[in-house]
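Peer 1: Letter by letter, the chains look like this.
Number of protein chains: 2
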Amino acid sequence: MKKVILDLATTLDGFIEGPNGEIDWCIMDDDMDFDGFLSNIDTIFYGRVSYDAWGNYQPDDNATPEEQNLWKAVHSKNKFVFSSQNREDENAVFINTDLPTKVSEIKNQEGKDIWLYGGASLIKTFIQHNLIDVYRVSVHPIALGDGKPLFEDLKERLPLKLIKTNVFKSGVVQLIYEPVK
Amino acid sequence: MKKVILDLATTLDGFIEGPNGEIDWCIMDDDMDFDGFLSNIDTIFYGRVSYDAWGNYQPDDNATPEEQNLWKAVHSKNKFVFSSQNREDENAVFINTDLPTKVSEIKNQEGKDIWLYGGASLIKTFIQHNLIDVYRVSVHPIALGDGKPLFEDLKERLPLKLIKTNVFKSGVVQLIYEPVK
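Residue numbers (our numbering), protein chains in the order written: chain A, 86 to 266; chain B, 86 to 266.
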């Protein structure tokens, strides 16, 4: 069965953005092997706002070849957008009813894993329905003191089982967990 | 020079306590070698509230020998209490003026390192005066969604340099940083 993988960058004090949306502290190390991550997924789940911001993003001509290739890889995936809007788009399938059943159907298809891209509201819904199989959290070597929290409005505690850690040369530590079921 | 070491347990989402002060998620693994940590310090810094709660704590007779020994080790250290109160105590030296100078004097003494025990207000003051040399943060495999944040009222970002990581069998990951100076 395909796994739903959440991949997030957080500060040591648990913020995914600064108080004004800052993500300039976020490091993309070349030893992080994000390409490897992308090569193991064939599907991306977006919330509507995230999809509109990033779902069809094209880097400009000045972007590095690595960045161009990264976005090419992203845009080669099957995309699903979870939205209350009834929309159509040639690059994505929009889902606006019965999220848990639709997600189960997609997970049961053959193929590689699924990247749960976000945003926060979609992640919250996935946590509440216990639909995330892997949490990959990259803890960055900084504290901000304030900002947008890693998980918003958790209804209950989320106990996790540590599966793996990866330490990158920048000082980012990636913690990979499965939920305790 | 003696180093000031902050040692804290946090959840994955950056809380040191639950919304009602819960710390029942906090794991004390026997492979964490807290004894080793204690053997490398000879001094403890307390805030007044923390000192009154824990500075002279005695485990009851039912406590395990390990716990008895741990508290014996804690109470063998030189203790300093930073307080606005002008108090005396046979077990600790109270400091109520000019914290940065007094801390510098203590750091310049011969001996082992210093454990900055807390609480939150004292930690905040130490961060603001750039007096912490080592941050040891033990990330526990749980998210709470709400609670008491790791660092309160940071005036500015706190960039850190990762020195070491320790992974414990419980899934706790200890991240050890120095401040970027």
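Since the hints were derived computationally from the structure, they do not count as laboratory data. In this text the structure is predicted, and so the values were computed from the model without any measurement. One or more of the hints may lead you astray.
Which copy? The list can't say, so a pair holds if one copy fits it or any two copies do.
Unchecked claim - With a cut-off of at most 30 Å between alpha-carbon atoms, the simulated DSBU-like pairs for lysine-lysine come out as follows: (1) Lys266 with Lys254; (2) Lys266 with Lys157; (3) Lys254 with Lys187; (4) Lys157 with Lys192.
Peer 1: Tell me, please, which holds for Lys157 and Lys192 at an alpha-carbon limit of 30 Å: within, between, both or neither?
Peer 2: Answer is within: at 23 Å inside a copy they meet the 30 Å cutoff, but 54 Å across does not.
Peer 1: Between copies, within a copy, both or neither: which fits Lys254 and Lys187 at Cα up to 30 Å?
Peer 2: Neither: 39 Å inside a copy, 36 Å across copies.
Peer 1: Please work out whether the CA atoms of Lys266 and Lys157 approach to 30 Å or closer within one copy, between two copies, in both situations, or in neither?
Peer 2: Answer is neither; intra-copy 36 Å and inter-copy 39 Å both fail.
Peer 1: Between copies, within a copy, both or neither: which fits Lys266 and Lys254 at Cα up to 30 Å?
Peer 2: Close across copies (19 Å), not inside one copy (33 Å); limit 30 Å.
The structure shown violates the earlier hints numbered 2 and 3.
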